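Going by the UniProt record's numbering, the first residue of the sequence shown is number 1, and it counts up by one from there.
For the record, the hints were derived by calculation from the structure and aren't laboratory data.
Wrong hints could be hidden among the right ones.
[Stated by the list, open to error] Pairs of lysine-lysine, DSSO-like flavour, derived with a Cα cap of 27 Å:
id: 1; residue 1: Lys136; residue 2: Lys125
id: 2; residue 1: Lys136; residue 2: Lys94
id: 3; residue 1: Lys91; residue 2: Lys136
id: 4; residue 1: Lys65; residue 2: Lys125
id: 5; residue 1: Lys125; residue 2: Lys94
id: 6; residue 1: Lys94; residue 2: Lys65
id: 7; residue 1: Lys136; residue 2: Lys65
id: 8; residue 1: Lys91; residue 2: Lys125
[Stated by the list, open to error] Pair by pair, the computed Cβ-Cβ distance ranges are:
id: 9; residue 1: Val77; residue 2: Arg55; range: 31 to 37 Å
id: 10; residue 1: Arg126; residue 2: Glu31; range: 56 to 62 Å
id: 11; residue 1: Phe24; residue 2: Phe63; range: 55 to 61 Å
id: 12; residue 1: Thr56; residue 2: Asp119; range: 20 to 26 Å
id: 13; residue 1: Gly106; residue 2: Glu37; range: 48 to 54 Å
id: 14; residue 1: Arg48; residue 2: Gly70; range: 29 to 35 Å
id: 15; residue 1: Glu36; residue 2: Thr113; range: 36 to 42 Å
id: 16; residue 1: Arg40; residue 2: Val77; range: 43 to 49 Å
id: 17; residue 1: Lys94; residue 2: Ala67; range: 25 to 31 Å
id: 18; residue 1: Lys136; residue 2: Glu104; range: 18 to 24 Å
id: 19; residue 1: Gly106; residue 2: Leu59; range: 17 to 23 Å
id: 20; residue 1: Gln97; residue 2: Ala67; range: 35 to 41 Å
Quick caveat, the model's predicted, so the values are computed rather than measured.
Ideal placement from N, C-alpha and C gives every residue a C-beta, glycine not left out.
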Amino acid sequence: MAETTAANTATSRNATTASSDDPFQDLFSLEDGFYEEGFRQGQADGERAGLIEGRTLGLETGFIKFAEAGRLQGKAVVWANVITGAGTGRKGLKNLQTLYSLVEPGTLPTANTDEAVNDVDDRVKRAQAKARVLEKMVGEMATTPVATTTTAAVTAESS
1 MAETTAANTA
11 TSRNATTASS
21 DDPFQDLFSL
31 EDGFYEEGFR
41 QGQADGERAG
51 LIEGRTLGLE
61 TGFIKFAEAG
71 RLQGKAVVWA
81 NVITGAGTGR
91 KGLKNLQTLY
101 SLVEPGTLPT
111 ANTDEAVNDV
121 DDRVKRAQAK
131 ARVLEKMVGE
141 MATTPVATTT
151 TAAVTAESS
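Input sequences plus hints: build the corresponding full structure.
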């Protein structure tokens with residue numbers, strides 16, 4: 001094995017010596033140089049574009065989640081007047097309090113961590129379930145959540 005390595009080294013030295021005498025050697029390696037330069041530029045552009053796209057997607061997703069939370073919070077405020085006037089009892093008030101506490105604006109985390117994102121997702125889903133219960137109690141027609149409406153509009157535009 002050592003003999004093979006020594007033979008390869010000697011062969012590569014001879015090729016290097018012979019190629020340095022060749023005036024066209026730089027032209028033969030021109031493609032490699034352009035490839036490397038293009039790769040470096042593409043990688044830098046991709047990193048920059050990825051950051052911009054990631055921020056945009058994060059803002060859109062966050063907006064959809066918090067718009068839905070705001071819609072549910074608004075419904076909770078309106079239902080507070082309806083439920084107290086309709087006399088739906090303790091169960092209706094408890095569901096209403098739970099709904100409002102899930103989407104109360106000051107308590108929703110705005111940090112960009114996995115725990116905070118999962119907390120917001122969980123709270124909005126639980127609030128949607130409570131809203132469905134309250135809609136049946138009040139006798140209101142169910143409405144389409146903001147996230148579903150926005151997703152359907154984007155899907156329709158893509159088609």
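*asked:* Flag every earlier hint the structure violates by its number, smallest first.
replied: 16, 20
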